[in-house]
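*Asks:* Take a look at the letters that make up each chain.
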Amino acid sequence: MLTQLLSGDFPRSRALTAILIAIFVLLALAPFLFPGTKPLNVAAKICYFIVLVASYDLLLGYTGIVSFAHTMFFGIGGYGVGLALYNWDASWLAVLAGLVVALAVSIVLSLVIGLVSLRVRTIFFAMITLAVASAFAILASQLSSLTGGEDGRSFSVPTLLRPSFRLFEGEVLGVAFTGRIVVYYLVFFLSLALFLTMIRIVNSPFGRVLQAIRENTFRAEAIGYRTVVYRTIANCLGAGMATMAGALMALWLRYIGPDTSLSFAIMIDILLMVVIGGMGTMYGAAIGATIFILAQNYLQSLMGLASKSLEGLPLLPKLLHPDRWLLWLGVLFILSVYFFPTGIVGKLRRK
Amino acid sequence: MAEPLLSLSGVNTKIGRYHILHGVDFAVPKGGITMLLGRNGAGKTTTLRTIMGLWRAAEGSIRFEGTDLARLSTPEIARLGIAYVPENMGIFADLTVRENLVLATRERAPDPRRLQWIFGLFPALEKFYALAAGALSGGQKQMLSIARAIIEPRKLMLVDEPTKGLAPSIIRNMIAAFRELKRTETTILLVEQNFMFAESLGDGVAVMDDGKIRHTGAMQALAADRDLQQRLLGLHLDAHQ
Amino acid sequence: MTTMPAARSATAAPPAIKRDWLPILLVPALAAAALPLVGSFPGWLTLTVAGLAMGMMIFIMASGLTLVFGLMDVLNFGHGVFISIGAFAVTLIVLPLATLVQADSVLMNVAVLLLCAVVAMVLTGALGWAFERAIVRPVYGQHLKQILVTMGGMIVAEQLIHVLWGADPISVPPPEAFRGSVLIGEAAIERYRILAVAVGLAVFAAMLLVLNRTKIGLLIRAGVENGEMVEALGYRIRRLFVGVFVAGSALAGLGGVMWAFYRQTLTPGMGMEVMVLIFIVIIVGGLGSVGGCFLGSLLVALVANYTGFLAPKVALGSNILLMVLILMWRPQGLYPVAKR
Numbered sequence: 000m001l002t003q004l005l006s007g008d009f010p011r012s013r014a015l016t017a018i019l020i021a022i023f024v025l026l027a028l029a030p031f032l033f034p035g036t037k038p039l040n041v042a043a044k045i046c047y048f049i050v051l052v053a054s055y056d057l058l059l060g061y062t063g064i065v066s067f068a069h070t071m072f073f074g075i076g077g078y079g080v081g082l083a084l085y086n087w088d089a090s091w092l093a094v095l096a097g098l099v100v101a102l103a104v105s106i107v108l109s110l111v112i113g114l115v116s117l118r119v120r121t122i123f124f125a126m127i128t129l130a131v132a133s134a135f136a137i138l139a140s141q142l143s144s145l146t147g148g149e150d151g152r153s154f155s156v157p158t159l160l161r162p163s164f165r166l167f168e169g170e171v172l173g174v175a176f177t178g179r180i181v182v183y184y185l186v187f188f189l190s191l192a193l194f195l196t197m198i199r200i201v202n203s204p205f206g207r208v209l210q211a212i213r214e215n216t217f218r219a220e221a222i223g224y225r226t227v228v229y230r231t232i233a234n235c236l237g238a239g240m241a242t243m244a245g246a247l248m249a250l251w252l253r254y255i256g257p258d259t260s261l262s263f264a265i266m267i268d269i270l271l272m273v274v275i276g277g278m279g280t281m282y283g284a285a286i287g288a289t290i291f292i293l294a295q296n297y298l299q300s301l302m303g304l305a306s307k308s309l310e311g312l313p314l315l316p317k318l319l320h321p322d323r324w325l326l327w328l329g330v331l332f333i334l335s336v337y338f339f340p341t342g343i344v345g346k347l348r349r350k
Numbered sequence: 000m001a002e003p004l005l006s007l008s009g010v011n012t013k014i015g016r017y018h019i020l021h022g023v024d025f026a027v028p029k030g031g032i033t034m035l036l037g038r039n040g041a042g043k044t045t046t047l048r049t050i051m052g053l054w055r056a057a058e059g060s061i062r063f064e065g066t067d068l069a070r071l072s073t074p075e076i077a078r079l080g081i082a083y084v085p086e087n088m089g090i091f092a093d094l095t096v097r098e099n100l101v102l103a104t105r106e107r108a109p110d111p112r113r114l115q116w117i118f119g120l121f122p123a124l125e126k127f128y129a130l131a132a133g134a135l136s137g138g139q140k141q142m143l144s145i146a147r148a149i150i151e152p153r154k155l156m157l158v159d160e161p162t163k164g165l166a167p168s169i170i171r172n173m174i175a176a177f178r179e180l181k182r183t184e185t186t187i188l189l190v191e192q193n194f195m196f197a198e199s200l201g202d203g204v205a206v207m208d209d210g211k212i213r214h215t216g217a218m219q220a221l222a223a224d225r226d227l228q229q230r231l232l233g234l235h236l237d238a239h240q
Numbered sequence: 000m001t002t003m004p005a006a007r008s009a010t011a012a013p014p015a016i017k018r019d020w021l022p023i024l025l026v027p028a029l030a031a032a033a034l035p036l037v038g039s040f041p042g043w044l045t046l047t048v049a050g051l052a053m054g055m056m057i058f059i060m061a062s063g064l065t066l067v068f069g070l071m072d073v074l075n076f077g078h079g080v081f082i083s084i085g086a087f088a089v090t091l092i093v094l095p096l097a098t099l100v101q102a103d104s105v106l107m108n109v110a111v112l113l114l115c116a117v118v119a120m121v122l123t124g125a126l127g128w129a130f131e132r133a134i135v136r137p138v139y140g141q142h143l144k145q146i147l148v149t150m151g152g153m154i155v156a157e158q159l160i161h162v163l164w165g166a167d168p169i170s171v172p173p174p175e176a177f178r179g180s181v182l183i184g185e186a187a188i189e190r191y192r193i194l195a196v197a198v199g200l201a202v203f204a205a206m207l208l209v210l211n212r213t214k215i216g217l218l219i220r221a222g223v224e225n226g227e228m229v230e231a232l233g234y235r236i237r238r239l240f241v242g243v244f245v246a247g248s249a250l251a252g253l254g255g256v257m258w259a260f261y262r263q264t265l266t267p268g269m270g271m272e273v274m275v276l277i278f279i280v281i282i283v284g285g286l287g288s289v290g291g292c293f294l295g296s297l298l299v300a301l302v303a304n305y306t307g308f309l310a311p312k313v314a315l316g317s318n319i320l321l322m323v324l325i326l327m328w329r330p331q332g333l334y335p336v337a338k339r
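Residue numbers (numbering that gives the first Met the number 0), protein chains in the order written: chain Z, 0 to 350; chain V, 0 to 240; chain S, 0 to 339.
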């Protein structure tokens, strides 16, 4: 059963297994273990970011494609669902229609980008996706009559998912089972399902071909694989998964705007998560996303304390200022690329 | 026997995961032209590139006047007095003929007397001196590539298939030029597929197959021995005669 | 394979290489096409000068990047950092020497500008040297890691600017002599834009001079085409590369100075923001080509300015469209660089 769920791709390290189980259990019980708005926000964000980061790893780690347009697809998912809910009624049909439209847009877009530029070199693809994504972000904030511009759009979600909704009277472990908890579990289980799907994909014959192409494009071509086709399919798959993650985000936040989905800062976050967690392993994406988002939310307070205690010294307090947390993750990122390109997962597995 | 100018022993070269040279041993005596023959894919170009340091020898030694080239970088090897004329000629198409020659000169500018001598060998280069090298014909590019290698005296010239794709009249011009070069101090190691060309210029010869040296000796002896040619160079020979 | 008839022997005239004028003509053609669309001549002139000024600044910032790529196949995704640092270096001069900036003397104003340029270039050049050693060299030849690690370098450097200069935007007005505009006919042309065009042309001329008239320049051009052969002729291409990397970083710094006074507000992310345009420019121009980079910069900036006026909502989209159109016409960019 477990073998089937994980497609036979086990963590293969005791420490890694323990960490993954811990992440799973804490996320599964988050609403009851950490009641309160902020912790639940963090937990939900971890869920959909695991999907987002894993789908990016599908490209970067498994296929060797560097794309800077991943947030664009993430945003398309978010905007698709968000704008459907905003413009129509807050129904499940709107959610579904928004998601379908968003998926179609993403897949067509990634297909076009892929066919135009995947046959050329890594660097070329990276530059073109960067240009396209930034144009898309600007477009989204310019078309304010449709997207709400920089301010974005807030919208209502179906009744079942609203905070005022009660699934049943009474409390579970002292927590009222509100629509927020329903939506949390929706996000959690869908994220889990998508994550397991991606594990299945990378361990399928298709996934093995991708890895063969990454290792040696020339050879893979010589054996007879149409590398461009495989890469383009991977690109579309990654885009579709990112779109789903975006849809989950929209349902959770009940808001969509450029800063939460399209900004280049998020693209950089995703890169950091993949590399620090470990490229080329789905588990790395899970660990990377978890650690990064925890750091984003809690490292800052820690750094604030350190900064305060060092007050009076030159420069040091500034380096440890809570807003500079990205500096340290950036350093960690560079060191990861140099010294342990397989990330945390690779480190744990080697022991 | 005098010490050879260049000697390879047990040279192994791998490119990526492909093992190309399997222990190449041979020596190039000082002076004259040594021919390196063999069929396609025998490892001739790889041998030249390994001597030049463009690919690293995984094992073995390459001694040139007592220095082990295997440990030097390509620019250091070039500065020992080794010139390289690659198979694709390595012309800088964007630069003029003059600029190509200037870059091959360590001194400030090419020596005028030497330049005249080169123009005598290859009149086309004088005519198109100020023209972008990319505009030259294939034969003229080959001439420029050789001219670059001899614009200053060098001890050893590595030349990779100078007749490839050239018209017969230009090949005759090449033969004349190499005859003239044989009268200078320069030693030449020349990779060739064209047996007629090799026969008319070669002093010594080494024949390669499957990344190993199969035969070394005098060019004359090989030229006289049909059976040996057949055995070493195989069917390939017929195609060229 | 060359199969020449024997009659056209070794001295036969080769076909004359035609100078490729078409891309050059694109710039005036674009400007001419915009005139009827804009409608009024003064408005068109203002837009055109604005476009040229912006194009020149982008060229200064992008030229180093394209050469570094052409020479060693290294694309520095962190190039934008040098632009930001060049821009922030301005504060080192302008804040302490505020009196000179406001002085009613052209000489003093120019002196301040020159000082800014020198300080910024020295700073970014030195930083470029360090960046090459620490960030680029270890991942040499591995594209994926190169992109990741230069990106990482950018993140860290951008954060360090925050640490050193604080998080608030800093305002830097240009020196007195370059504020305001002059009237040419009925068109108001900002003085600073004229200066930007002049500096851009000077940099382009200087680059052409170095590339065409000096041995170093010849080596760079030869290295872009065939680095291996340059090594086989006895030159250490690594050294050449480091030199070009440092020079390219210094140019980005100079571009940063120009960009700083143009925007008049400094933010650490300002370099990364222009990077998108810069990437479009070097793709459009042909990776590795300085001339292509120059034309690409002008085209991109002119298109951005015209569409910014005609249809502001699609301004950046128009550049993507420009890129797609040019790549459809010439898949390797305007001036593809011959490679081996």
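Calculated from the structure, these hints are not laboratory results. Don't take each hint at face value.
Unchecked claim - Under the rule of at most 16 Å between Cα atoms (straight-line distance), these lysine to aspartate or glutamate pairs were calculated in the EDC-like manner:
no.: 1; chain 1: S; residue 1: K144; chain 2: Z; residue 2: E214
no.: 2; chain 1: Z; residue 1: K307; chain 2: Z; residue 2: D322
no.: 3; chain 1: Z; residue 1: K317; chain 2: S; residue 2: D167
no.: 4; chain 1: V; residue 1: K29; chain 2: V; residue 2: D226
no.: 5; chain 1: S; residue 1: K312; chain 2: Z; residue 2: E149
no.: 6; chain 1: S; residue 1: K214; chain 2: V; residue 2: E106
no.: 7; chain 1: V; residue 1: K154; chain 2: V; residue 2: E125
no.: 8; chain 1: S; residue 1: K214; chain 2: V; residue 2: D93
no.: 9; chain 1: S; residue 1: K144; chain 2: S; residue 2: D72
no.: 10; chain 1: V; residue 1: K211; chain 2: V; residue 2: E106
no.: 11; chain 1: V; residue 1: K13; chain 2: V; residue 2: E58
*Asks:* All the hints need checking, so say for each whether the structure fits it.
*Replies:* Tested hints:
1. K144/S / E214/Z: holds (14 Å)
2. K307/Z / D322/Z: holds (13 Å)
3. K317/Z / D167/S: With Cα atoms ~14 Å apart, K317/Z and D167/S stay inside 16 Å; holds.
4. K29/V / D226/V: violated (29 Å)
5. K312/S / E149/Z: Given pair K312/S, E149/Z holds - Cα atoms ~13 Å apart, limit 16 Å.
6. K214/S / E106/V: At roughly 11 Å apart (the allowed maximum being 16 Å), E106/V and K214/S satisfy the hint.
7. K154/V / E125/V: violated (25 Å)
8. K214/S / D93/V: holds (14 Å)
9. K144/S / D72/S: Holds - the C-alpha atoms of D72/S and K144/S are around 13 Å apart, at most 16 Å.
10. K211/V / E106/V: violated (39 Å)
11. K13/V / E58/V: This hinted pair holds, its Cα atoms lying about 10 Å apart.
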